[in-house]
Amino acid sequence: MRPRRTVDPGDAITAVRREDFIPDEIFVLGEHGTLVPLNRHDAPERWREQVRRDEPVVIQVRPDPTLPPGLCDPATGRGMESTSSSSQPSLMVEMIDMLELEPGMRVLEIGTGTGYNAALLAYLLGGDHVVSVEIDPDVAGHARAALRRAGYPVRVITANGKDGYPPAAPYDGVIVTAAAHTVPYAWVEQTRPGGVILVPWAETVHPDGRLARFVVNPDGTAEGRLIAQAFFMPLRDQRLLPRVGFDAVERWIKAGGPDFTRYGITVTPEGQTIWLDFPDNVIAATEFE
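Numbering (the UniProt record's numbering), first residue to last: 1 to 289.
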């Protein structure tokens with residue numbers, strides 16, 4: 001597919017059908033507030049209505065590992081938690097717009113999911129300019145097949161997204177579709193100077209889910225701020241314990257409840273610092289191993 005002359009994410013959302021990428025079985029909130037299965041063949045109109053909404057669609061669940069197995073029931077949704085979803089379309093358009101893409105640019109996506117977002121990127125840039133990494137083999141297989149059927153030759157890699165994908169680097173942008181509390185340096189290292197990295201930020205410094213936008217510097221560091229609201233499932237190897245979230249709220253209250261736009265993050269080869277207002281005002285630091 002040839003790249004378009006102008007890169008307008010709104011064009012992609014009109015041209016690419018989301019339902020072509022959603023599995024036949026999705027999961028919706030049942031009457032008791034649990035995630036219950038909804039099959040396309042059993043209830044086609046309800047399935048289509050769910051998929052066409054401007055909302056996330058859960059495509060995979062698992063028993064909550066913190067609960068005894070006997071308390072988990074896939075049929076009723078009791079004790080089940082979501083592990084993969086198709087993100088809210090309008091949010092994906094907003095994030096793609098924040099990448100400030102131009103024809104010919106190359107993008108790395110972390111978290112393929114259904115493949116729908118990769119298709120949006122491929123529509124704008126051409127499939128050979130998009131690489132997407134998915135940790136779950138079943139999810140990756142579904143996305144790979146859906147992209148192929150739809151005519152978008154995106155390279156879908158089954159691997160841990162924290163490592164990026166060095167063979168196709170450098171990238172002009174990295175878009176992450178799972179929340180992180182630590183930015184792997186591989187994402188910075190594989191992005192050209194001036195390139196943009198978008199990362200949904202886990203609730204470690206602010207009680208709400210936020211989006212961090214980083215720009216890579218010529219010296220190999222990246223600096224960014226929290227800029228918008230965005231709720232995503234966490235990266236599978238960066239899941240937070242509930243206590244961490246409580247601690248974040250306490251820390252935020254003690255700091256006077258600052259607006260999220262006052263927070264920034266700097267990533268270097270050695271580690272990551274989170275700061276308030278200015279990079280010198282560090283409130284948390286993480287050293288990379």
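Since the hints were derived computationally from the structure, they do not count as laboratory data.
Take these hints with a grain of salt, some might be off.
Derived Cβ-Cβ restraints for the label pairs, each shown as a range [claimed, not checked]:
1. Glu49 x Thr286: 41 to 47 Å
2. Pro269 x Glu45: 50 to 56 Å
3. Asn281 x Pro68: 40 to 46 Å
4. Thr286 x Arg17: 15 to 21 Å
5. His41 x Thr66: 20 to 26 Å
6. Glu289 x Pro167: 19 to 25 Å
7. Ala159 x Thr66: 24 to 30 Å
8. Gly10 x Leu71: 40 to 46 Å
9. Ala284 x Ile227: 17 to 23 Å
10. Glu289 x Asp64: 37 to 43 Å
11. Arg53 x Asp11: 18 to 24 Å
All residues carry an ideal CB built from backbone N, CA and C; glycine is no exception.
Evaluated hints:
1. Remark: the range hint 41 to 47 Å for Glu49 to Thr286 is upheld by a beta-carbon distance near 43 Å.
2. Between Pro269 and Glu45 the beta carbons are some 53 Å apart, a value that agrees with the proposed interval 50 to 56 Å.
3. About 45 Å separates the C-beta atoms of Asn281 and Pro68, a value consistent with the hinted range of 40 to 46 Å.
4. A hinted range of 15 to 21 Å for the beta carbons of Thr286 and Arg17 is inconsistent with their spacing of about 41 Å.
5. For the pair His41 and Thr66, the beta carbons lie near 33 Å from each other, so the given range of 20 to 26 Å is not met.
6. Between Glu289 and Pro167 the beta carbon distance is about 23 Å. The supplied range of 19 to 25 Å therefore holds.
7. At about 26 Å, the beta-carbon gap between Ala159 and Thr66 stays in the expected band of 24 to 30 Å.
8. Between Gly10 and Leu71 the CB atoms are about 45 Å apart, so this pair conforms to the stated range of 40 to 46 Å.
9. Judged by the Cβ atoms, the range 17 to 23 Å given for Ala284 and Ile227 holds: they are separated by roughly 19 Å.
10. At about 29 Å, the CB distance of Glu289 to Asp64 disagrees with the hint of 37 to 43 Å.
11. Take Arg53 and Asp11: their Cβ atoms lie about 21 Å apart, and the range 18 to 24 Å holds.
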